[in-house]
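> Listed below, chain by chain, are the residues.
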Amino acid sequence: MKLSVMQENLARGLQVVSRAVSSRSALPVLANVLLRTEDAGLKLTATNLEIGISYWVPGKIDVDGALTVPARLMADVVNSLPSGERVDLDLENPTTLRIRGGRHQAHLRGIDAEEFPVIPSAGDRPTTRISQKALRRALSEVIFAAASDEARPILTGVLTRFSGDQVTLAAADNYRIAVKTLSSLDPVEETSVVVPARSYAELVRVLADSDDPVDIMLAQSRSQIVFHLEGVDLVSRLIDGQFPNYQQVLPTSFSTRAVVEREEMLKAVRLSALIASSAANVVKLRLEGNGTGAVGISAAADIGETQGEVEAGLEGEGVTVAFNARYLQEALQNVDADQLALEFTGPLSPGVVRPIGDDDYVHVIMPVRTPS
Amino acid sequence: MRRMTGPTILHVDLDAFFAAVEQRDRAELRGKPVIVGGGGPNDRGVVSTASYEARVFGVRSAMPLRTAGRLCPHGIFVPVDGAKYARVSRQVMAILRRFTPRVEQVSIDEAFLDVAGSAALFGSAESIAAAIKSAIRDELELTASVGVGGSKLVAKVASDLHKPDGLVVVPVGEEASFLAPLPISRLWGVGPQTRKVLGEYGVATIGDLASLPEDLLQRRLGKHGRELLSRARGIDASPVGDDAEAKSVSHEHTFDVDTGDWEILERTLLGLAEGVAERLRKGGVKAGTIGVKVRDQDFVTLTRQRTLPEPTDLPETIWQTAVDLARREVRGVLVRLIGIAASNLSDREQLGLFAEAEGRKRKAIEAADAIRGRFGPRAITRARLLETDVAAPFERDFSHAPEAKRVGKQRPGGHAEDDS
Numbered sequence: 001m002k003l004s005v006m007q008e009n010l011a012r013g014l015q016v017v018s019r020a021v022s023s024r025s026a027l028p029v030l031a032n033v034l035l036r037t038e039d040a041g042l043k044l045t046a047t048n049l050e051i052g053i054s055y056w057v058p059g060k061i062d063v064d065g066a067l068t069v070p071a072r073l074m075a076d077v078v079n080s081l082p083s084g085e086r087v088d089l090d091l092e093n094p095t096t097l098r099i100r101g102g103r104h105q106a107h108l109r110g111i112d113a114e115e116f117p118v119i120p121s122a123g124d125r126p127t128t129r130i131s132q133k134a135l136r137r138a139l140s141e142v143i144f145a146a147a148s149d150e151a152r153p154i155l156t157g158v159l160t161r162f163s164g165d166q167v168t169l170a171a172a173d174n175y176r177i178a179v180k181t182l183s184s185l186d187p188v189e190e191t192s193v194v195v196p197a198r199s200y201a202e203l204v205r206v207l208a209d210s211d212d213p214v215d216i217m218l219a220q221s222r223s224q225i226v227f228h229l230e231g232v233d234l235v236s237r238l239i240d241g242q243f244p245n246y247q248q249v250l251p252t253s254f255s256t257r258a259v260v261e262r263e264e265m266l267k268a269v270r271l272s273a274l275i276a277s278s279a280a281n282v283v284k285l286r287l288e289g290n291g292t293g294a295v296g297i298s299a300a301a302d303i304g305e306t307q308g309e310v311e312a313g314l315e316g317e318g319v320t321v322a323f324n325a326r327y328l329q330e331a332l333q334n335v336d337a338d339q340l341a342l343e344f345t346g347p348l349s350p351g352v353v354r355p356i357g358d359d360d361y362v363h364v365i366m367p368v369r370t371p372s
Numbered sequence: 001m002r003r004m005t006g007p008t009i010l011h012v013d014l015d016a017f018f019a020a021v022e023q024r025d026r027a028e029l030r031g032k033p034v035i036v037g038g039g040g041p042n043d044r045g046v047v048s049t050a051s052y053e054a055r056v057f058g059v060r061s062a063m064p065l066r067t068a069g070r071l072c073p074h075g076i077f078v079p080v081d082g083a084k085y086a087r088v089s090r091q092v093m094a095i096l097r098r099f100t101p102r103v104e105q106v107s108i109d110e111a112f113l114d115v116a117g118s119a120a121l122f123g124s125a126e127s128i129a130a131a132i133k134s135a136i137r138d139e140l141e142l143t144a145s146v147g148v149g150g151s152k153l154v155a156k157v158a159s160d161l162h163k164p165d166g167l168v169v170v171p172v173g174e175e176a177s178f179l180a181p182l183p184i185s186r187l188w189g190v191g192p193q194t195r196k197v198l199g200e201y202g203v204a205t206i207g208d209l210a211s212l213p214e215d216l217l218q219r220r221l222g223k224h225g226r227e228l229l230s231r232a233r234g235i236d237a238s239p240v241g242d243d244a245e246a247k248s249v250s251h252e253h254t255f256d257v258d259t260g261d262w263e264i265l266e267r268t269l270l271g272l273a274e275g276v277a278e279r280l281r282k283g284g285v286k287a288g289t290i291g292v293k294v295r296d297q298d299f300v301t302l303t304r305q306r307t308l309p310e311p312t313d314l315p316e317t318i319w320q321t322a323v324d325l326a327r328r329e330v331r332g333v334l335v336r337l338i339g340i341a342a343s344n345l346s347d348r349e350q351l352g353l354f355a356e357a358e359g360r361k362r363k364a365i366e367a368a369d370a371i372r373g374r375f376g377p378r379a380i381t382r383a384r385l386l387e388t389d390v391a392a393p394f395e396r397d398f399s400h401a402p403e404a405k406r407v408g409k410q411r412p413g414g415h416a417e418d419d420s
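Residue numbers (the working numbering), protein chains in the order written: chain S, 1 to 372; chain E, 1 to 420.
I should point out that these hints are in silico values taken from the structure, not numbers from a laboratory.
We treat Cβ as the ideally placed atom computed from N, Cα and C, and that holds for glycine.
A few of these clues could be false.
Claimed, not checked - Partial pick of chain E residues on the chain S-facing surface, computed with a CB cut under 7 Å:
id, residue
1, 201
2, 347
3, 348
4, 349
5, 350
6, 351
7, 352
8, 353
9, 364
Working from the sequences, and respecting the hints, build out all of it.
Following this line, the structure appears as structure tokens:
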């Protein structure tokens, strides 16, 4: 292997793939990045067996070849080389990489490329394509609702259902659920997979804020999903199992509705959370019957209490509902709209958050039962 | 109506409770050294309670029965009758509640009372203390020692001062001079480590401690040093919490024969988890943290705890967590005592989206609760717990473990670690 690349391109590529490097694995090779010449460029690959990321660095290839080297060390070395200059890579011997940039050079001992797991790459034909911008926005509104503990592994994933030219994303832990529907560019036969929320979080990092599409491919075996962008492949394993039937828990009606400014509401909940977090982290929302034009937000604990109000357009009956402050806060932070509708059916029924002007998103939070 | 200006906090502590109950019920035991706990001096258990006659020989609670047998060869060993003591304990607590609802039961045989609001009805704290003592004597034929003070700390120290059948009142303002001549071991929170540090400064009495400069204590003992100094001066702001504010629920079991048999330990934990879960459900609370306590044959006590992803009152979750925590601690040791504590209690319940699976389990458990409520605690149990003896918790089962810790019920060699 003998090639030349630009320092900043190599550094950027190492930064992107390092997100998939396994820091503590029984397999030492997973702490490494695979360097392989491919398609007249240098392909960098890292994987932790849940997710794999490949990145193509444009360059001038003199001799083809492959080797894995410690990913973190390689990134640190390359970051220390002069930027805007050429970096030359070659093999000093079959398992030692020589890196030269400017008047500096380094030698890194690696592990044979044969030991690196095989990562499926994008085939010729994508299953479908979605606008990067639209997918990025949709994922940001959904993935935070996935469970972070492994008590029910299926809930650490995001249900991804393709149906015609619609893609539905749903994430839930035991207490809340976020559902978003968006359009794909190519119709797909109805199919559902569950993608780890962590993989989607990495995908969000590489998606651009542009209308360029990302290609999505379901591997033949149905055990992996591949996302292909210009110069980047992201492969994720899928989670086995049946995602809960979320449709039946989405409320279809309400008895109280308030329309609020998202920012104002978020500030008020944050304030109450300061007090709430010292105890059970519960904040109460009080909506008076028709007329008052405000939502009351309060919290009480041994350490103190807070009350506040946010201007609101109200309809329906008065109600007081208690929620975990964190769930409320995360919904208010992540839903992409200036105005939100909050819908309630009673103190022990799910609360619904809907962005005004976007019928394709719904967020449901279960309340907290408080002693009366 | 004026509020009381004198001390209003009482600490009521029954004298040699288990032994006294046995002596009351069995005339032949009166005036004899009675040792409650297990079968006899060859048994592997520990002393639950020794009568005052046995204490003369140096027999103490938590001492191995064999040691007690050696110290007191003529001692009469009586097995623990947990159900009976629990019944008598309830009668005692009922007497206390006649005088104030502000009763904080600390363990089966002691409680704090705050009688600040009871003056108009029952007179001063001292006369209430006397009335409580005579009611317990007349109605239950037992004696209690009562301490009266301006704080729980002072009341507790006072009740302990003239045992048995004592009544000690510490007037407001005289806390420091009351405590000063007493040895520091009377103060709770003074363990071997602290005593060693204090020893370097020649501290023997609480008064010695109170006269040390605050910055010195702060430097040597940190935050604990400052707290100690306050306590030595008789300052303790902790309120009498009524029973609704239990901070934790714990059950523990001492084996008749120390055991390293994992199957037995697992089954014991299941019985304890059942008991803890039932108490949580009765109290309408869920626990966010589960802890286990393991004491080995050398009396080394370890506690481990873990915070759950979500609070629970279900026995399976408590049991699985306890088993997981205990597994690492019991390897290669013989276990003398094992216990489960549920803490971080809350009566707020986060409702779930997909609760069907748990819902069925809960219905089964609630049905079993109802059967036990009607036909008694043994009416229905798990098959795995048949033929075992752990489901009924009794011995010195502090109904509120952290509270018990606050009043200085420290077990020998105990230290806590948190792996959460």
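> Go through the hint on residue 351 of chain E and say holds or violated, using the shortest Cβ distance to chain S against 7 Å.
Cβ of residue 351 of chain E sits 4 Å from chain S, so the hint holds.
> So, as I understand it, the hint says residue 364 of chain E touches chain S; can you test that by seeing if any CB pair is closer than 7 Å?
This hint is violated: residue 364 of chain E lies away from chain S, its Cβ roughly 20 Å from the closest one there, beyond 7 Å.
> Take the shortest C-beta to C-beta distance between residue 353 of chain E and chain S; is it under 7 Å?
holds (5 Å)
> Regarding the hint that residue 347 of chain E lies at the interface with chain S, is the smallest CB-CB distance below 7 Å?
Nearest chain S Cβ about 5 Å off; hint holds.
> Do the numbers back the hint for residue 348 of chain E, that is, is its least Cβ distance to chain S under 7 Å?
holds (5 Å)
> Does the interface hint hold: is residue 349 of chain E within less than 7 Å of chain S, judged Cβ to Cβ?
holds (4 Å)
> Does the nearest C-beta of chain S fall within a distance shorter than 7 Å of the C-beta of residue 201 of chain E?
violated (36 Å)
> Please verify that hint: residue 352 of chain E, Cβ, nearest Cβ of chain S, below 7 Å or not.
holds (5 Å)
> Is the hint on residue 350 of chain E kept, meaning its closest Cβ partner in chain S is under 7 Å away?
Holds, because the Cβ-Cβ distance from residue 350 of chain E to chain S comes to roughly 5 Å (cut-off 7 Å).
Comparing the model with each numbered hint stated earlier shows that hints 1, 9 do not hold.
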